[in-house]
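The sequence shown begins at 758 in the working numbering and counts up by one.
One should not assume that every hint holds.
[As the list claims (entries may be wrong)] With a cut-off of at most 25 Å between alpha-carbon atoms, the simulated PhoX-like pairs for lysine-lysine come out as follows:
no., residue 1, residue 2
1, Lys886, Lys778
2, Lys861, Lys873
3, Lys849, Lys785
4, Lys873, Lys886
5, Lys778, Lys849
6, Lys798, Lys849
7, Lys849, Lys861
8, Lys873, Lys887
9, Lys785, Lys798
10, Lys778, Lys861
11, Lys798, Lys848
12, Lys867, Lys778
13, Lys857, Lys785
14, Lys886, Lys785
15, Lys887, Lys778
16, Lys798, Lys810
17, Lys861, Lys785
18, Lys887, Lys867
19, Lys785, Lys873
20, Lys867, Lys857
21, Lys873, Lys778
[What the hints assert, rightly or not] If you anchor each label on the Cβ, the simulated ranges turn out as follows:
no., residue 1, residue 2, range
22, Glu794, Gln815, 30 to 38 Å
23, Ser812, Asn840, 19 to 27 Å
24, Asn822, Val860, 50 to 58 Å
25, Ala821, Glu853, 41 to 49 Å
The set of hints was computed from the structure by calculation and includes no laboratory data.
Each residue gets a CB set at the ideal place from its N, CA and C atoms; glycine is no exception.
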Amino acid sequence: MRAFNFRLATLLRLREASREKSLLDYAKSIHERQQTEDRLKRASEYVETLEFKLSEKQKLSFNANELEALIGGLDHARSVVTNLSTELSRKKTLEESRRKLFVKKDSESKSLGRLKDRQMNEHIQMEAKKEELELDDVIGARYLYERSNPVI
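With the hints as constraints, model all of the structure from the sequences given.
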């Protein structure tokens, strides 16, 4: 039996490498998004803490310098939360685009893998038929030889 040779093996390897790279990019974007979500959560909790401190300060004592510093810190913390929210939405968009790219590369790789499997099965079937025909020819030739040269 002749060995199977997939002529698109190089293309298959390239597509699998491209798939792996896109998978790594997708995983990296998931990690970055999760980090941004954690930073946003911590910043939101910090804003809530500052708001609570501000309300407590306003109840107890009304020192203008402390309140001004607290309000300035609160404004800054709120701007950080806004910036992180914007960054998070960008990261989610990037993650989604990388997911779509990975799905595309994965399907391309799998389709080429299925083609290879299908061609290998066809090759095996053709080789089996060839061997069967050759065996039939040998049996037929042997029969004709024994018929024309009988043993006495």
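Each hint, compared with the structure:
1. Lys886 <-> Lys778: Distance of about 41 Å is beyond 25 Å: violated.
2. Lys861 <-> Lys873: Roughly 19 Å separates the two Cα atoms, so the pair holds.
3. Lys849 <-> Lys785: This hinted pair holds, its Cα atoms lying about 12 Å apart.
4. Lys873 <-> Lys886: At roughly 20 Å apart (the allowed maximum being 25 Å), lysine 886 and lysine 873 satisfy the hint.
5. Lys778 <-> Lys849: holds (19 Å)
6. Lys798 <-> Lys849: holds (16 Å)
7. Lys849 <-> Lys861: Holds - the C-alpha atoms of lysine 861 and lysine 849 are around 18 Å apart, at most 25 Å.
8. Lys873 <-> Lys887: holds (21 Å)
9. Lys785 <-> Lys798: It holds: about 20 Å lies between the C-alpha atoms, which stays within 25 Å.
10. Lys778 <-> Lys861: Within the cut-off at roughly 13 Å; holds.
11. Lys798 <-> Lys848: holds (15 Å)
12. Lys867 <-> Lys778: holds (15 Å)
13. Lys857 <-> Lys785: Given pair lysine 857, lysine 785 holds - Cα atoms ~14 Å apart, limit 25 Å.
14. Lys886 <-> Lys785: Status violated; Cα separation ~50 Å.
15. Lys887 <-> Lys778: violated (42 Å)
16. Lys798 <-> Lys810: holds (18 Å)
17. Lys861 <-> Lys785: holds (18 Å)
18. Lys887 <-> Lys867: violated (30 Å)
19. Lys785 <-> Lys873: It is violated: about 31 Å lies between the C-alpha atoms, which goes past 25 Å.
20. Lys867 <-> Lys857: Since the Cα atoms of lysine 867 and lysine 857 sit roughly 15 Å apart, the hinted pair holds (cutoff 25 Å).
21. Lys873 <-> Lys778: holds (22 Å)
22. Glu794 <-> Gln815: 30 to 38 Å: holds (32 Å)
23. Ser812 <-> Asn840: 19 to 27 Å: holds (25 Å)
24. Asn822 <-> Val860: 50 to 58 Å: holds (57 Å)
25. Ala821 <-> Glu853: 41 to 49 Å: Roughly 48 Å apart at Cβ, these two residues keep to the hinted range, so it holds.
When the structure is compared with the earlier hints, violations turn up for hints 1, 14, 15, 18, 19 and for no others.
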